[in-house]
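Asker: Given the coordinates of chain A, work out where chain C should sit on it, guided by the hints.
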Amino acid sequence: MSDLNTQAVARYKSNFLKEVEERVEDGHWVKMCMQCGVCAGSCPLGPAWQHSPQKIFMMIRAGKREEVLASDSMWMCTSCYNCIVRCPRKLPITHIMHGLANYAHRLDLAPKGQPTRDVARLFWDNSMVTGRVNELKFSLAMYFKDGFVQGIKNAMAMQGVGFGLMKAKRLNPMEIFGGHACKGKSDLSKMVGRAREIEDRRRGLA
Amino acid sequence: MADNKFAAYICSGCGIGDVLNVKSLEAIAKKEGKMAEVKSHAFLCNAEGVQLIKDDIANNGVTHVCIAACSRRAKAEAFNFPGIAISRANLREGVLWVVAEGSAHDEVRQEMAEDYVRMGCAEVKKMIVPGGNVKESSSKRILVVGGGISGMTAALAAADAGYQVVIVEKAGQLGGFARNLVKRVPFSGPYSEPQATGVEEMAATISANPQIKVHLNSTVAETAGAPGRFKIKIAQESGGVAEELVGAIVQATGFTPYDVTKLTELGGGQANVVDQAGLEALAKSANGAAIKRADGKEVKSVVFVQCAGQRGSGGNGSGQHLEYCSGHCCATSIKQAMYFKDANPDVDTIVMYSDLRVPGMGEDFYRSAQQKGVVFTKGKVTKVAGGDACKVDFRDLILDEDTSVDADLVVLATGQVPNAGVNLDDWTAVVTLADGGDEAAKAKTVEMKKGSVLNLEYRQGPDMPQFKYGFADSHFICFPYETRRTGIYAAGPARRPMDMLQAADDATGAALKAIQAVENVEKGRAAHPRSWDLSFPKVRLEGCTQCKRCTVECPFGAIDEDERRFPLFNEERCRRCGTCMGACPVRVISFENYSVDTVGSQVKAVNVPEEFEAKPRILLLACENDAYPALDMAGLQRHTYSAYVRAIPVRCLGSINTIWITDALSAGYDGVMMMGCKKGDDYQCHFVKGSELASYRMSKIGDTLKQMGLEEERVVTHEVAITDHERVAKLINDYTAQIQAIGLSPMKF
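Protein chains in written order, with this note's numbering: chain A, 1 to 206; chain C, 1 to 749.
No false leads were mixed into what you were given.
No more than 35 Å apart at the CA atoms, straight line, and that leaves these computed lysine-lysine pairs for DSBU-like:
1. C:K383 / A:K13
2. C:K380 / A:K90
3. C:K341 / C:K292
4. A:K13 / C:K391
5. A:K18 / C:K372
6. C:K538 / C:K125
7. C:K341 / A:K64
8. C:K183 / A:K18
9. A:K13 / C:K284
10. C:K297 / A:K64
11. A:K18 / C:K341
12. A:K13 / C:K292
Covered, in the sense of this in silico footprint (three residues per stretch, anywhere, with C-beta under 8 Å from a C-beta of chain C), are these stretches of chain A:
13. 24-36
14. 51-63
It should be emphasised that the hints constitute simulated quantities derived from the structure, not laboratory data.
In this text the structure is predicted, and so the values were computed from the model without any measurement.
Ideal Cβ placement from N, Cα and C applies to all residues, glycine included.
Only chain C is shown next, with the shape it has when bound in the complex:
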């Protein structure tokens, strides 16, 4: 540490030098920032400017660099010096472009720039270049759980890319649900006829591939470890246990058709009322000839009831059953109607729909069925009576009348229920009871674990967290394959309802994510979205009070407990969001390049004017994923905002430790703004739970404010999207006006 040498470089290009007093900025970096070297340059990001810095690093032993120029999001390639700690003072997007023009604002503009230089110098002094965590012996094998279309596609994709794959399939042969199909919805031009499933060929390719090892009649009995070192115990039918070491996991466990017998109002469970899987079985036994019912009678008329127990309809508008659309069923019914028409064009086939949804090239398939004479009736089915002569009552939505149609067979297009394992919310509730000594709950945990897919040895529960409607986790809005269990990726209908074509695409994506994961682990880097990041949490365990907040709040389940009940960080599972750092009440968790100190020292570096100067200071903690880019874009669009704010980018609102806020307020700041991503069901937080946790923590800060004798309005949180550049400027201006209205902080010296 003794040979750290700090240097600051101030750029006067892009008009910075015309508007700001660069000489005075230099003086501040030297005197207050205590930088050993301070240089300014008229065009710092050009070859000459960069060379200036490189020379100082090579010849003058500079190890820490503060660059006062543009936003940290600009010119990242030019200002990239490996092994050197770098902080960026944002003079261009943060000051020059956002403070109103004209000499009337010269003073506040200069103050803002000076503060950013102070903050940049303070930050870099606390930074340590992360050494990384290179793993020599990490496994690059990929485990695929499930051997259906998704699983087989993922396995082949990974094997083709040169990775070894282990497939665990619970059935006695590969193929999954698709093996039961006579044909599949067409996936290549001209999209007019059902096509062969290709399952046999795929299974044969897999068996012949030396890169892929297949465990049939097997389930995953235990998954322990972390990306790069997952230890998998595989329970075999014989009762034996095989062990595999893998680096990443693709969960392609598919779906189960919704239980048709629950659809009593649609005749579920009655004779000659089947679901789509049931019809595949009838068609399979007909083997291309006329399709017969279970009682052996040839089917002359068939009605397909779409959205049966789906889309909140329940068939009778009751809102029970499945809330969502399973996506594939319209095309599947079209395909099945073709089974009848192709065997005998005189069979009456009616598809009863309220909205026909055929994604992809499905419109061509739909047209083809119409050409074949399949009748499509827009109607809402109210009742189905099964039996020898089935009767379907429905409301004709075009002719607006109640009517009915007779049929030999009724097919209910039921939805997909994901095979996603144990619901972790239920699990946590039961485990909490069991920990309290409840014997029934203890028995229940054993029972629940039987339904688990991965049997993760994680403190947070045995499976992936579930998303809406019980589907396996997915960050649908930003990175659909991403999950909250690093190195474990869901693919296919376990992740969201989909057809075979989508499942194959999905599986390829998940295989690529798994490959990324094993490669990142080997280089000691984080996974998405900070996949270049070599830092990871450092804990001073001697200060830990075992409060468990970090283990509970980590959105990625990265933190277990060791035998002494201290947090045990699994660095390979960590995504570097800093939620643990924000959670820790005793502040013993930090990253080398992002810590309680790097931000805290910036907060303290700001020069807070005395009360009589009537210049408020507002701390703005902005999430680096959406809010900080929005602020940069506000600059780019020249939306001016108050020169009284001091913005600090944070990795996630979840990483905000309340000490920064209390420090700021006791130092005389007049307000603290936080800007992060949307929380809730439609969250946009890149770390899933960060903004939600921050909002929860901030809801508790009122007491602290009261103790300090401050108004609650002194701390506000806003949800901001990356496109809100105009709005962020307005939020800042409105808040500044509000602070001026309630008066300056009484905490000033």
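The shape of chain A in the complex, shown without the other chains:
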């Protein structure tokens, strides 16, 4: 992954704005920000962010590559779309945030142990095994992501809910042995692989 990063640094030198424009989904919108700050004021999670979208955009223009890609801000977005609705320049801010998060993840510059990133990774890896999400395995993976002892504690705390779900036939304990797959699982992985190939080629990440 860090190979990708080295290659990107070599390619764009100090022009981070150009890098974002070419490699980040909807990144070409960043230059259109007029720094009014409406997005920053509209974000319901504003105080929890390290940098508001307004600052992220300014940092991109100022070439603060490491700071932007290592920021936890993009990961804190809950996709409420308040900023998109309100942006007077019609920037798809939510999408840009997700694009930046994705790019930071690809370059492996995203913050380590960032919960949203961890959950996303678990979810994706889980769903790619059978072509559908194995809820039992996903829950267990979540419980144990911070270590074995913490996992036991989490499982104990949640056991009532688990038994309730089992009683209501919403949770099959047999899924722990692999679980059932979707139809045409291999076709799905081919499709996903191809999509990724196309996207990488388009963004120069191939």
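Answerer: Structure of chain C alone, referenced to chain A:
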């Protein structure tokens, strides 16, 4: 005069007849008002009522009419009888609608109405229908000083409207500042690319227009006379002098860019730090190719510093340099950044701004620049170092940190300094010294006159008065094109900072004002805001003491001095505000339809009750432009106020002669209120200086009051806006309560 016949008509419509005793009003008009004819009508402003008056004028020889009905501001079309003097007693808005309802107020309400009838009759008896001052031989040509975008636009607009135009341009060709531009900020859709200036085409159109005469390499050496008869001496490069006779003048002298070398903290004067004009020159020599610096090196990165030495920032927050925003510079920098991007998209262009202001359709232009990759950084520049590698230190206002950026070239967006000629305040100070025999001051006046644009032969100085920050005069709040020099209108950046599009609009407006001016002069009428007015000051020179107050105080510089040092009125320059009438200590200046007598006789006509009746009388002198309409509106909104006031509209507070106040107080009035427009820097006075002069004069009235043994509170002045209808009622009520608290005047008989 012997065949004057006076008549009063009392309307009982709109509920007047239900509440007031019209019969008794008729009796008062007949007996006390001494009207030859007195008639009442239930609906005076309808066709029948108006016909009643017309018949009396046609058949009974009525020459003076007092109409006791609604406010003088209502039904002006119905009650318009040419050649007849008309006064209006305001029974509807002035009495019926503002005095509290109910029989408890019947007595005071009736007294108020009766007084207004007495006042209306008294006023009309002193009125003379102004004959006007029709000029057969006035010039309708228009002089345009300055041949830039503003001047050329004004000239073409006036010529298209059928007027002959003379342009005086000091350079060797038309075009002004715009001629130096590669392109201009877009003025038509889609507002995304810089457009051609069109200067050449405009200049060619002007040369081909037989209505327009152009003097190049020339300046105005002398402007004498008045609207309709300005005699202009034009100094030519050859040393010759041409003479032109014109009716009105448009001053479109534009601006000079602020001296960039004064911006030392922003690298002004250092190598590779230029102003916007300097960049236009570099772009012009590049001719569409990559832009090179003065040392021949191709520019790969450029930083535009906005508000350089503007908006009180001085770049370093020092508050020196220009206080104001020049309006065009943000869009101009965007345009110039596009010069770079269009020639080579790889050039780094940063516009450093604290507030980006792009008026009009500028937002589209701004977006277009962002699309082209121009980077906009919100930051406050603290220091610029010029040289081979320039460095711009700035505070990033979004990221809140001090940082810097390197560039090959730095462009400072400096402001517009108006070319408005001599500052008259400085001029007056120097002339006063020179008159006192100071030789250095005398030499200085000669030196100062060299900087004059119009070289007016006016007693008040050689140029138009200047407004804030040295811009040529403008009554920005009411009539932006209006100035204190009748028939002379400023247009373009000489009047206020603006871009080319605004300058073109502005110039068209000024051309229209100039056309109005020459047409008004021909009909012998005043200019705005009393543009229907045919009256003008009549002076009894034999009574004049040569105190010069009228010449000094006239806000419009209308009064010169003749060789015997008597005031010489230039009627065409006069705006009929009456400030001279208010200023005159010996009361020799009056208008035919508005004089010391027309108001004075109204003051005296009021029936002042004796002390034991405990009914105070308060004289209210209200400016007809804002305060009197506000009073009318108070009536319309049914805000009740005390029935003890007697309101008289005046043309301007400046026209109030203190004799009216002393007369009122000695006649036993208990208080005098004056209501006029806001004064000071943000004045709203329609005659600019009137309310200020009135306030100055009233500040001196304390002594007179003391001599009379009266309290200072007996005379008060208020600033009132036209929207203050609720407030005027409250002011009157509060003042009535105050007067009752300090007790009635001891001057009653």
